[in-house]
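Participant: So the protein lines, in turn, are chains A and B.
Taking this note's numbering, I'd label the letters of the first sequence as residues 1 to 304.
Taking this note's numbering, I'd label the letters of the second sequence as residues 305 to 699.
Be careful, since some hints might not be right.
[Stated by the list, open to error] Which chain A residues stay away from chain B? Per the calculated CB distances, all over 10 Å, these: (1) Val77; (2) Leu164; (3) Ser229; (4) Ile246; (5) Asp262.
[Claimed, not checked] Partial list, computed: chain A residues near chain B (C-beta under 8 Å): (6) Phe48; (7) Pro162; (8) Pro178; (9) Pro185.
If you are wondering where the hints come from, they were derived from the structure by calculation, not from laboratory data.
Computed from a predicted structure; not experimentally measured.
The beta-carbon is built from N, C-alpha and C at its ideal position, and this holds for glycine as well.
Here's the letter readout for the chains.
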Amino acid sequence: MAAAAADPGALAPGPAARNERMTDKVLPATEPTHAGSTHLAPRRYCLFALPALLLMAAVIISPWLFTLVMSVMEFTVGGAINFVGLGNFTKLVSDTRFLESVGRTFWFTVLAVVFPIGLGTAAAVVFHCQFPFRGLLRTIFIMPMMATPVAVALVWTMMFHPQLGVLNYLLSLIGLAPFAWVYDPNTVIITLVLVEVWHWTPLVMLIVLGGMAALPTDPYDWATIHGASDWQMFRFITLPLILPDIMVAVVIRTIDALKVFDTIFVITQGGPGTASETLNIFLYLQAFQFYNLGYASAVVMVFS
Amino acid sequence: MKNPRSDLLQAHGKEFTALTAIQVSSEQIPEQQQRQKAMIEFTSGHPAFDVCMLALQVQKRLAAKGKWLEDLRPCLADASLTSPDFDYADFAEGAVGFGRQADGSVDTLPHFIDFWMVFYNKEMFQQKGITYPKRMDEMFAAAQTLNDPSKGIAGFVSRGLKNANIPVWTLWMLGQGMETVSQTGQLQTDIPEAIWAGEMYKRMNREVAPPGTVGFNWNECQTTFMQGRAAMWLDGIGFATPLEDPTKSRIVGKVGYGMTPPGPKGHHSALFGDGLGISRTSTKKQAAWLYMQFMCNKGNQLAMLKAGAGSPGRSSALANPDAQVGSRFSKEYFDCLAASGTIARAGLPQIIPVTAFRDVFGVGLTNTLSGADVATELRKATEAFKPVLEKSEQG
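Chain B on its own, in the form it takes in the complex:
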């Protein structure tokens, strides 16, 4: 997938070849197209690649259903294949659990973990004499105080674009201690907690957000925040990279990194992540496993963190004091990362038709920004999506 982490993988490619004499050819594809390519190539039975990066929140169940990837447990247990300093136990339990399949198999290494948190403009907060919100409902009050349309400043910005907007809603719902699909696979998308989260989404994105937020994806939100036109931005910490870059950002040194505040019944950070896996039909599995070990070793995971390219799956990288040395990010950034990891919970339901889920509920939520009733929209979306989910689980 095309992102700063893949840039690093490609940059480390030469080092890997120098160590092993294994030539690596790799390709980066934008996220949406990568998902289509992976789906089609794996389904064909003869993918053109040996190693693939998967977005776990979207492709994990698909990979299990289609038997796309090799179970890595035999490799991990084989001392002749796995370097003694690889230390699989170093990967955070939450990250490993996020990638583990329902049958216990481990078909990916958790290369990258993304936690949702709140970026906030400390200068704006100081000017208004307010502190970072301690609870979710305080966020709306703070955003109201900070909102100043006459100066082109919004109190809050987050994704409003259909499909992309789902994690915003699910994050509010985590504040109720609930996920959108229960452990038994039942939709919980029109229950009072879901409606509360929908109302929160509607209020924040309609009343204290910049105009046009209905069409905003993460990049529009990022630009708005970087230009000093929003006081708070709710999104993944992996998008922090340009905020402290003086060539791109007008708010360098003013960015605060806050953990998602607790909701009425829960305190969680929405969790997302990417994993690296070996194609089950690969004829070069041993070389692929060596490649994955190298790319996910402690040094490269630390390098990813230092580069501000996102949060690595390894605990040692987060705990390493070297990570902060020479980094453009403040201690607050690293503290927020570490603390978010302790309260992380899946940000999207672990179902096969995730894209359809995001589309159907995304449209409903977008409609609420035009004034539609939250409960009605969620009920409609639930009715529309229920048969899709049931069918997908039947095989």
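Extracted from the complex, chain A is given alone in its bound form:
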């Protein structure tokens, strides 16, 4: 409106000018508002973001900075605090126990992701089919996921007992020799993975099943008309379509597997020896058993 008034003597307007005027007419009152808000918005919005920023600073940034400061200190609870620069970090590089725990964490994570993803996807395919008592069986299947990790770990600890545990009893019923489970350095990691698989495969199944429930039917109709087999339909239609859901499950499982502490600590405390000492257990021992907070902080900084 203001622009039209500023150009009263204009000749017959061309298309561009028409557009301009139309715009002026459609948005007559927005110009000054937009012009004003362009300068004011950031300051106003900053005020709105301030509480969140303060909260983040308090609960994330400050502890992180404090950990950073501690990581360059020789800081033992009850002892003197000395600045050691990068001493804790250089010590980490040569600490074989730390390096072994990193390798063990990697190995455990890979297994604790791959198996639940494979089994969970297979279970989702099965539960996607129609069969009697499907709902009931699906409910039973997801029950392990509802149990708390410590309770799960305690029950498995009892079952793993080499002499009194039910697992070796079951093995004996079918004529197999007793197994050492978590009491053998060579089998402890795979046995702990077994607990993880039992506990978390239902989660993967739920995620993938959710994805499968939303799949379109058209591709399957088309494939059926063209004589595709069940396997071909799964391989070339289902799998590509549910791949994004599987990737979500992979991300969630990877995060969870990297964080596992309670299950391992309750069942083995990192043993036998250090055979199941993952990074989290190593960190716990340094911080809360040996009270080496400086060294433990360096471990945190490396992985944060």
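Dock chain B against chain A, hints included.
Facilitator: For chain B alone, kept in the frame of chain A given last:
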């Protein structure tokens, strides 16, 4: 700390309040968590408690270094604060000495003393026609005779889990008359005597022990023994409580209580214990001292013994014939307790980083159960732990 003795302390709380009108609020925490809580709260300078139970073998030096506890000597000397029948001299000298700090201060009352001994299944021994071993090396021969894997019976069981397994090794070493750290603070963990003890540990826990002993703590050992699946169990006498309980044990009335047999150069029982102390920053020290006197008086110490909750620090409780009246434990149990007290010697080194010591050497010993060489593992562990010890002593 969460244990049967703390249950008794809490049970006696009402009686104490009735006598003194002092209200007591107490909390039991599992051992590992209690150590962390004590460490953090005392270090903060403002612990939330007035009285604390400490595991002397782990926390005594920490308490001295951090000046956690009040020296009790002025209280003991003050007749206006201490009951005439408290009789501090009644506490066994070994127990008092175990709790006394290097500077002579007394910051805990020795509430509980634990001696390591051998629980054995008398029925199994009779069936095989053998007697209780008279020397450490005879234990292996006896365990070999008793070991019968085809029937699921092991000749011997003891802790194999890292950290928990250290007292087993140190006990064998006491048989050589040696401790893991010398009087001058030097590590003696890779000397021939230590290696001998390590070999003993390896042989007993590998060749005549149940499968999976590498992950056994005291509770797995206790269960195995109670189920009649092991002929001998080496551990603290404080764990005897359920062995004679028919609702928990299959070997009631069959348990023998044997003193640790002598080794080649020494005859000792590994000594552990808990003490009660008053926080130095407490604002209720007088009430705290009254509470500790009451909980450690002769009657309550005797009650602890009768309940099978462990061995009290007081000599009078052990000598009291009433202790055996109505007790589910046999005379042999009380004789073993009294005799073990006469040969007791610290089961863990009196150093500040005890937990790190237990971890580093515990891992090494556990490795030997998988076949690793004892001397190599002990040498590696000694090298790894030496700087930790040196640093801790520097402050």
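Participant: It remains to establish, for every hint, whether it holds in the given structure.
Facilitator: Cross-check of the supplied hints:
{"no.": "1", "hint": "Val77", "result": "violated, 5 Å"}
{"no.": "2", "hint": "Leu164", "result": "violated, 7 Å"}
{"no.": "3", "hint": "Ser229", "result": "holds, 48 Å"}
{"no.": "4", "hint": "Ile246", "result": "holds, 36 Å"}
{"no.": "5", "hint": "Asp262", "result": "holds, 14 Å"}
{"no.": "6", "hint": "Phe48", "result": "violated, 38 Å"}
{"no.": "7", "hint": "Pro162", "result": "holds, 3 Å"}
{"no.": "8", "hint": "Pro178", "result": "holds, 6 Å"}
{"no.": "9", "hint": "Pro185", "result": "holds, 6 Å"}
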